[in-house]
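Quick note, the sequences are listed as chains A and B, same order. Quick note: the UniProt record's numbering has the first sequence finishing at residue 258, numbered continuously throughout. Quick note: the UniProt record's numbering has the second sequence finishing at residue 276, numbered continuously throughout.
Worth flagging that the hints you see were computed from the coordinates, not collected in a lab. Being a predicted model, the structure only gives us computed values, none of them experimental. The C-beta atom is built at its ideal place from N, Cα and C for all residues, glycine as well. One or more hints might be untrue.
[As the list claims (entries may be wrong)] DEER-style ranges, computed between Cβ atoms:
| # | chain 1 | residue 1 | chain 2 | residue 2 | range |
| --- | --- | --- | --- | --- | --- |
| 1 | B | S127 | A | F87 | 16 to 26 angstroms |
| 2 | B | L253 | A | H129 | 27 to 37 angstroms |
| 3 | B | S127 | A | H122 | 34 to 44 angstroms |
| 4 | A | H122 | B | G135 | 54 to 64 angstroms |
| 5 | B | Q4 | A | T25 | 20 to 30 angstroms |
| 6 | A | H150 | B | L30 | 33 to 43 angstroms |
| 7 | B | D114 | A | N100 | 26 to 36 angstroms |
| 8 | A | R147 | B | A82 | 31 to 41 angstroms |
| 9 | A | E46 | B | R177 | 56 to 66 angstroms |
[To be verified] Among the chain B residues that face chain A by a calculated CB cut under 8 angstroms, a handful are:
| # | residue |
| --- | --- |
| 10 | A161 |
| 11 | A164 |
| 12 | M167 |
| 13 | T171 |
| 14 | T172 |
| 15 | S173 |
| 16 | L174 |
| 17 | S176 |
| 18 | S179 |
| 19 | R184 |
| 20 | Y185 |
| 21 | P188 |
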Amino acid sequence: MDLVLDLDGVGKDFSAGPFFARRRTAAVTEVSLRVHAGRTVGLVGESGSGKSTLGRMAVGLLTPDRGRVTVHGQPLSSLTPKKMRPFRRTMQMVFQDSSNSLNPRMTLEDLLVEPFRAQDLHTRAERRHRAAALADEVGLARSGLARLPHEFSGGQRQRISIARALALEPDLLVADEPVSALDVSVQAQILNLFKDIQQARGFAMLFVSHDMAVVEFISDQVAVMRAGSLVEFGSRDEIFDSPREPYTRTLLDAAPSL
Amino acid sequence: MLRQRFRDLVHDRTAMAGAALLGLMVVLALLAPLLGGDPYRVDPTSTLRPPSASHWFGTDEKGRDLWTMVVHGARTSLGIGAVTTVLAVLTGYVLGVLCGYFRWVDAVVMRVVDGLMSFPSIVLVISLVGVLGDGVATMITGLTVVLIPMVTRVVRGAALAVKAMPMVESTTSLGSRTSWVLLRYVAPEALSVTIVQAALAFSVTVLSVAALSFLGIGLPPDVPSWGTSLSAAQQYFYSAWWIGVFPGLAIVLTVLGLVLLGDGLRDVFDPRSARK
């Protein structure tokens, strides 16, 4: 299997506090993690455990202070901003809150055309054609192409986010809590959509969530984070049936069983 | 989106009252040559005449028709106000968006802005007039320099807020160019606060023009202006109240109109800072 994402001892610090008493806190201390093509790694942990920070470093939205991020054999740190822009095609992100991660002034069509425009791909007509095809792929009606984001429901907006991320045919998809703002019934639809599209396209996925049930459903492997470090990593069945770490057990016990 | 907000604005009665007042003043200013006589005509035989059928607002100490002076004064005030506002708001908008987005531009421009803001604005204009000499162009330059920091600061704040929004992260992760992010994401989001600042800047200019010409600074003495008329009124207040009251009323109504309209604009475009 193809190794797509290789996080090697990655860490990130944030500084906070007043100027003269600035403190550096490690959001992520040192994490190593690998994701292969066609596979999904679920990244779980409580709020503030650094899982979103790790996800952002994986797609080059944040630069790590330590360690190395390699996507498809290309270390991200060696890319100049000029080379980074085209390379972003390979790695895409689906954001948590679709209500503020989509430009409220752009129609669905604009939003779906934007990835191609950003990367200077295709002719104008071809872009529109592909935008419509993307809408189909994620189950959005073509009749809504002229609508603005606020005219869609939360679940539909998340479909828009997914379509935008898929437009550039990435090899790596990082999904940052993509269903946590949705109703449970809608969550299931979106999770199935992720699964179906991954099966069809075969990208590697890092799926960040705090919801154990969601992670159990979507993941092949599970990584458990706590306070910026990885506490346990294993196949889904290992983690859910026989967790070795007491912290993982605590997380599992804390999840309400449906 | 802007269209919807303007629709909300039309339903705001206070704002519309302000717009009506301002509109009245604009009409007076535009039609001044038709409505009034020659503002330079001095008639020593009829000085300090009270309001009458031939002189609606009376005459001043040089025998000039005060109605003529008020409508031509509207030209001066609103003309300078409009040009200054447009210049200051455009410059401030561009600078503010750039400052909000680029940290190094921010570091440089904001220090200059801090410097300019640490001066009382009238003092700054007075010193500029001292260097550049009297004249309408000098007034406009001076007031523009005073207003740019105010607009820049507010727009910068809005731009900073947009930059931190997930939608900017989203377009960045697609690989969008900086110019695209600025034009399609940051600039439109910062537009609302800019519109509010424009109304505020306009009222500040009108007041400043009046204050400066009252002090006899900036405008040549023959340019008709409300402030100049007001300062003459000081001397004749007991014998000729009309010299002060009518230009004063014009200032009050114009600024009131602008403030009411500005409040309405702020409520509609910048609801977070609106009074409740």
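We went through each hint and held it up to the structure:
1. B:S127 x A:F87: 16 to 26 angstroms: For A:F87 against B:S127, whose Cβ atoms are near 53 angstroms apart, the range 16 to 26 angstroms is violated.
2. B:L253 x A:H129: 27 to 37 angstroms: The hinted range 27 to 37 angstroms is violated for B:L253 and A:H129, with Cβ atoms some 58 angstroms apart.
3. B:S127 x A:H122: 34 to 44 angstroms: 58 angstroms, violated
4. A:H122 x B:G135: 54 to 64 angstroms: 56 angstroms, holds
5. B:Q4 x A:T25: 20 to 30 angstroms: 43 angstroms, violated
6. A:H150 x B:L30: 33 to 43 angstroms: Check passed, 40 angstroms falls within 33 to 43 angstroms.
7. B:D114 x A:N100: 26 to 36 angstroms: About 31 angstroms separates the Cβ atoms of B:D114 and A:N100, which means 26 to 36 angstroms holds.
8. A:R147 x B:A82: 31 to 41 angstroms: About 38 angstroms separates the Cβ atoms of A:R147 and B:A82, which means 31 to 41 angstroms holds.
9. A:E46 x B:R177: 56 to 66 angstroms: At 37 angstroms between Cβs, range violated.
10. A161: Given a least distance of 11 angstroms, the restraint on B:A161 is violated.
11. A164: Violated - the Cβ of B:A164 stays beyond 8 angstroms from chain A, reaching only about 10 angstroms at its closest.
12. M167: Given a least distance of 5 angstroms, the restraint on B:M167 holds.
13. T171: 7 angstroms, holds
14. T172: 7 angstroms, holds
15. S173: 5 angstroms, holds
16. L174: With Cβ-Cβ at 4 angstroms, under 8 angstroms, it holds.
17. S176: 4 angstroms, holds
18. S179: 11 angstroms, violated
19. R184: At 7 angstroms from the nearest chain A Cβ, B:R184 passes the 8 angstroms test, so the hint holds.
20. Y185: 6 angstroms, holds
21. P188: Hint holds; B:P188 Cβ to chain A Cβ min 6 angstroms, cut 8 angstroms.
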